[in-house]
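> Sequence:
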Amino acid sequence: MSDDENQFEQGNAGSSHTYTESAGSLKKGGYVMLKGHPCKITDVSTSKAGKHGHAKASIVGKDIFTNKTYEDSAPTSHNIDVPFVTKKEYTLMDIQGDGFVILMNEDGSTKEDLKLPETEDDFNLVKEIREMFDAGKDLLISVLSAMGEEKIVGSREAQDK
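Each step along the sequence shown adds one to the number in full-length UniProt numbering, with nothing skipped, and position 19 is 19.
Mixed in with the good hints there might be a few duds.
What the hints assert, rightly or not - Below 27 Å or equal to it, Euclidean Cα-Cα: the simulated DSS-like pairs (lysine-lysine) are:
| no. | residue 1 | residue 2 |
| --- | --- | --- |
| 1 | 56 | 87 |
| 2 | 51 | 68 |
| 3 | 51 | 127 |
| 4 | 127 | 35 |
| 5 | 62 | 88 |
| 6 | 87 | 127 |
| 7 | 111 | 35 |
| 8 | 151 | 111 |
| 9 | 127 | 115 |
| 10 | 62 | 28 |
| 11 | 68 | 137 |
| 12 | 151 | 137 |
| 13 | 87 | 35 |
| 14 | 28 | 88 |
| 15 | 27 | 115 |
| 16 | 28 | 151 |
| 17 | 40 | 27 |
| 18 | 68 | 56 |
| 19 | 127 | 111 |
| 20 | 137 | 62 |
| 21 | 28 | 68 |
| 22 | 127 | 27 |
| 23 | 88 | 48 |
| 24 | 137 | 40 |
| 25 | 51 | 62 |
| 26 | 137 | 87 |
| 27 | 68 | 40 |
| 28 | 40 | 127 |
| 29 | 88 | 115 |
| 30 | 48 | 87 |
| 31 | 115 | 62 |
| 32 | 48 | 28 |
| 33 | 127 | 137 |
As the list claims (entries may be wrong) - Between beta-carbon pairs, the in silico distance windows are:
| no. | residue 1 | residue 2 | range |
| --- | --- | --- | --- |
| 34 | 46 | 128 | 32 to 40 Å |
| 35 | 47 | 115 | 37 to 45 Å |
| 36 | 53 | 102 | 53 to 61 Å |
What the hints contain is simulated information worked out from the structure, not anything from laboratory work. Predicted model only: the values in this text are computed from it and were never measured. Where a beta carbon is used, it is the ideal one built from N, C-alpha and C, also for glycine.
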């Protein structure tokens, strides 16, 4: 029997993008999956156990990409999915006419697949990035990643080392 016969097809059901955590241990400011969306928790409240039930956690959060609010509840003893969320900074190299940005990683490689956010909530961020870039300032761009998606969420002027 060769090694090739023991190979399994790999599927991707999105499970590698999340881990589970007890609903009772979730905290405000943390992250959680609500209705299939990665959200930052804005409010968590727990109700006491009733005569025949479990204590429940009511969770309210804002989608980290769209800013839309979602709510859900779950027994505090049950597990709930939590997305792996990372934030990384890149150096802004250029802003293209179509809104795409060219970013440079710490290792010198470039990233050209991100666009400046286009929602009303991000108007001030985009205005600030464009003004500072047009003024010739060196900018660091913060990119939030979760569930295979990325979004520009902040910027700051690079400090000389």
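> Taking the hints in turn, state whether each one holds.
Hint check:
| no. | hint | result |
| --- | --- | --- |
| 1 | 56 to 87 | violated (31 Å) |
| 2 | 51 to 68 | violated (35 Å) |
| 3 | 51 to 127 | violated (55 Å) |
| 4 | 127 to 35 | violated (32 Å) |
| 5 | 62 to 88 | holds (20 Å) |
| 6 | 87 to 127 | holds (21 Å) |
| 7 | 111 to 35 | violated (31 Å) |
| 8 | 151 to 111 | holds (13 Å) |
| 9 | 127 to 115 | holds (14 Å) |
| 10 | 62 to 28 | holds (11 Å) |
| 11 | 68 to 137 | violated (32 Å) |
| 12 | 151 to 137 | holds (22 Å) |
| 13 | 87 to 35 | holds (23 Å) |
| 14 | 28 to 88 | holds (22 Å) |
| 15 | 27 to 115 | violated (31 Å) |
| 16 | 28 to 151 | holds (21 Å) |
| 17 | 40 to 27 | holds (10 Å) |
| 18 | 68 to 56 | holds (23 Å) |
| 19 | 127 to 111 | holds (21 Å) |
| 20 | 137 to 62 | violated (32 Å) |
| 21 | 28 to 68 | holds (17 Å) |
| 22 | 127 to 27 | violated (32 Å) |
| 23 | 88 to 48 | violated (39 Å) |
| 24 | 137 to 40 | violated (31 Å) |
| 25 | 51 to 62 | violated (32 Å) |
| 26 | 137 to 87 | holds (22 Å) |
| 27 | 68 to 40 | holds (10 Å) |
| 28 | 40 to 127 | holds (24 Å) |
| 29 | 88 to 115 | holds (16 Å) |
| 30 | 48 to 87 | violated (36 Å) |
| 31 | 115 to 62 | holds (21 Å) |
| 32 | 48 to 28 | holds (19 Å) |
| 33 | 127 to 137 | holds (14 Å) |
| 34 | 46 to 128: 32 to 40 Å | holds (39 Å) |
| 35 | 47 to 115: 37 to 45 Å | holds (42 Å) |
| 36 | 53 to 102: 53 to 61 Å | holds (54 Å) |
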